[in-house]
Amino acid sequence: MPTDASPTRDLRFPEGFLWGAATAAHQIEGSPMADGAGPSIWTRFAHTPGMTLNGDTGDIACDHYNRWKDDVALMRELGLKAYRFSVSWSRIHPEGIGRVNQAGVDFYSRLVDELLANDIEPLLTLFHWDLPAALDDKGGWLNRDCADWFAEYGTTLYRALDGRVKKWVTLNEPWVITDGGYLHGALAPGHRSRYEAPIASHNLMRAHGAAVQAYRAEGKHEIGLVVNIEPKHAASDSAEDEAAVKRAHAYMNEQYLHPALLGRYPPELAEVFGDAWPEIDPVDFDLIRQPLDFVGINYYTRSVTRADASYPLRAGGVRQPGATYTETGWEVFPMALTELLLWFKDTYGDLPLYITENGAAFFDPPVAEGGRVRDPLRIDYLRKHITAVHDAITAGVDVRGYMAWSLLDNLEWSLGYSKRFGIVHVDYGTQQRTPKDSAHWYSGVIASNGRALADPLPY
Numbered sequence: 001m002p003t004d005a006s007p008t009r010d011l012r013f014p015e016g017f018l019w020g021a022a023t024a025a026h027q028i029e030g031s032p033m034a035d036g037a038g039p040s041i042w043t044r045f046a047h048t049p050g051m052t053l054n055g056d057t058g059d060i061a062c063d064h065y066n067r068w069k070d071d072v073a074l075m076r077e078l079g080l081k082a083y084r085f086s087v088s089w090s091r092i093h094p095e096g097i098g099r100v101n102q103a104g105v106d107f108y109s110r111l112v113d114e115l116l117a118n119d120i121e122p123l124l125t126l127f128h129w130d131l132p133a134a135l136d137d138k139g140g141w142l143n144r145d146c147a148d149w150f151a152e153y154g155t156t157l158y159r160a161l162d163g164r165v166k167k168w169v170t171l172n173e174p175w176v177i178t179d180g181g182y183l184h185g186a187l188a189p190g191h192r193s194r195y196e197a198p199i200a201s202h203n204l205m206r207a208h209g210a211a212v213q214a215y216r217a218e219g220k221h222e223i224g225l226v227v228n229i230e231p232k233h234a235a236s237d238s239a240e241d242e243a244a245v246k247r248a249h250a251y252m253n254e255q256y257l258h259p260a261l262l263g264r265y266p267p268e269l270a271e272v273f274g275d276a277w278p279e280i281d282p283v284d285f286d287l288i289r290q291p292l293d294f295v296g297i298n299y300y301t302r303s304v305t306r307a308d309a310s311y312p313l314r315a316g317g318v319r320q321p322g323a324t325y326t327e328t329g330w331e332v333f334p335m336a337l338t339e340l341l342l343w344f345k346d347t348y349g350d351l352p353l354y355i356t357e358n359g360a361a362f363f364d365p366p367v368a369e370g371g372r373v374r375d376p377l378r379i380d381y382l383r384k385h386i387t388a389v390h391d392a393i394t395a396g397v398d399v400r401g402y403m404a405w406s407l408l409d410n411l412e413w414s415l416g417y418s419k420r421f422g423i424v425h426v427d428y429g430t431q432q433r434t435p436k437d438s439a440h441w442y443s444g445v446i447a448s449n450g451r452a453l454a455d456p457l458p459y
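Residue numbers (the numbering used here): 1 to 459.
Think of the hints as simulated: they come from the structure by calculation, not from any bench.
These figures come from a predicted structure and were not determined experimentally.
Warning: the hint list may mix true and false statements.
Unchecked claim - Keeping only pairs whose Cα atoms sit at most 35 angstroms apart, straight-line, the calculated DSBU-like set for lysine-lysine is:
1) Lys345 with Lys81
2) Lys345 with Lys246
3) Lys384 with Lys246
4) Lys345 with Lys419
5) Lys419 with Lys81
6) Lys166 with Lys81
7) Lys220 with Lys81
8) Lys69 with Lys220
9) Lys81 with Lys384
10) Lys69 with Lys166
11) Lys384 with Lys166
12) Lys138 with Lys166
13) Lys384 with Lys138
14) Lys220 with Lys246
15) Lys138 with Lys419
16) Lys69 with Lys81
17) Lys166 with Lys220
18) Lys166 with Lys419
19) Lys69 with Lys384
20) Lys220 with Lys345
21) Lys138 with Lys220
22) Lys419 with Lys69
23) Lys419 with Lys246
24) Lys138 with Lys81
Stated by the list, open to error - Beta-carbon label-pair distances, calculated as ranges:
25) Asp35 with Arg9: 42 to 52 angstroms
26) His47 with Arg164: 33 to 43 angstroms
27) Arg159 with Glu369: 47 to 57 angstroms
28) Pro267 with Glu77: 43 to 53 angstroms
29) Pro456 with Arg159: 44 to 54 angstroms
30) Arg164 with Gly55: 36 to 46 angstroms
31) Arg110 with Ala270: 45 to 55 angstroms
32) Tyr459 with Ala34: 39 to 49 angstroms
33) His221 with Gly429: 39 to 49 angstroms
34) Ala270 with Pro365: 24 to 34 angstroms
Ideal Cβ positions, reconstructed from N, Cα and C, are used throughout, including at glycine.
Using the sequences plus the hints, can you model the full thing?
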């Protein structure tokens, strides 16, 4: 299917399509211990020498905790219809469970009210990687009690915000949580264990199910799950490479969607993990497989797979000659997004979908005189990927919204401040926000409900 926009194409999106941008609490807020909050695993991880690039931490980040009102005004200026953000669990429950920190609840309540006052719909993610440190001390996602902890935390927020917030997300990218945090040690909590990773994955899905159950008891609107998935393409037509693709596909794309939507794990996972694959109690799927109102898909790239005894339990794929790669080493391959959305529909049915993250880190020049930041590669990336979403909708996939990653340049986890994904430039010394060319371009796409995708590019 074509992914290039042209003046002859009608690229208008369905009426009511939700255009927005996304962030995560630890990446932008700063002030992680303010107003009675407890430490998270990311506070602890970043303050451990050698765990983040240049020792960068989220202590200040984008100072959104103090600048949230100005940031919402910026969202309105850009014409965003929606804002996807996450809540810091340890701002709400400093010890992870039990005592509620009302100051933390009030912060997010004010943010939601300001969004609504500016006609911006909030999409709230309960968990975007920053587990309270107090719960990590109890075993974190390796402890089966985490399902009850997460449901309790969710209930606190449902009671405070449901109605004003009408779209809820349980987990963001459980694959990254376990692959980075429990298998390879590159992300908090920094464990490196092939045996821990599938246990953490399973408990994350149990926690997801418990949070959905809790929402059905308290909430009256919509709740879903967000996964990061990507097509796996074989490096050759050899039987070995094709088998490797099936394992990689199961590991990344089916490990969380299958239990949530089909009530089972793909059989390839036992082959992937070998003797580290745990015995699963089938009763657990009664908790995990809860009816969902939508699924959010985070898409950045594809992976070209070659057979390797250690794959997919290692990072990387086969680099493609002549391809464009982002600053994070990810191939720009927009047509795979259409492929992915069609695969989802064919595999799991007509569940409503949102693109909850999509974007790229490229080198951005300094802010020029007059306040301009030229980022043509990002515009090209966004244009082609949004067009790929339109192609999927045309083919019958029920995609209802698109959230650009990210609203602001921010803390890229263990990579510190070295990678800029934002459509808005942030000067980390002064906290000055400067919309990049991509922000102004995206604003035009929103205002035209997609028709501007076919317009000549501004460079």
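Checklist entry - Does 39 to 49 angstroms hold as the CB distance between His221 and Gly429, or does it fail? => result holds (41 angstroms)
Item to check | Pairwise hint evaluation, Lys384 against Lys69, where the allowed Cα distance is 35 angstroms at most | outcome: Status holds; Cα separation ~32 angstroms.
Checklist entry - Between Lys220 and Lys345, does the CA-CA distance stay at or below 35 angstroms? => result Between Lys220 and Lys345 the Cα gap is close to 26 angstroms, so the pair holds against 35 angstroms.
Next on the checklist: Check whether the Cα positions of Lys220 and Lys246 lie no farther apart than 35 angstroms.
Outcome noted: Roughly 39 angstroms between the alpha carbons, so the hint for Lys220 and Lys246 is violated.
Next on the checklist: Can you confirm whether the C-alpha distance between Lys345 and Lys246 stays at or below 35 angstroms?
Outcome noted: Holds. Lys345 to Lys246 sits at ~18 angstroms (cutoff 35 angstroms).
Checklist entry - Should the hint that His47 and Arg164 are 33 to 43 angstroms apart at their CB atoms be regarded as holding? => result holds (34 angstroms)
Checklist entry - Within 45 to 55 angstroms or not, the Cβ separation of Arg110 and Ala270? => result Roughly 48 angstroms apart at Cβ, these two residues keep to the hinted range, so it holds.
Checklist entry - Holds or violated: 36 to 46 angstroms for the Cβ distance of Arg164 and Gly55? => result With Cβ atoms ~38 angstroms apart, the hint holds.
Next on the checklist: Next pair to validate is Lys166 with Lys419; report whether the Cα-Cα distance is within 35 angstroms.
Outcome noted: holds (32 angstroms)
Checklist entry - Does Lys166 pair with Lys220 here, judged by a C-alpha cut-off of 35 angstroms? => result holds (8 angstroms)
Checklist entry - Are the Cα positions of Lys69 and Lys220 separated by 35 angstroms at most? => result holds (28 angstroms)
Checklist entry - Falls inside 42 to 52 angstroms, the C-beta gap from Asp35 to Arg9? => result holds (50 angstroms)
Consistency note: the structure conflicts with the earlier hints numbered 13, 14, 24, 34.
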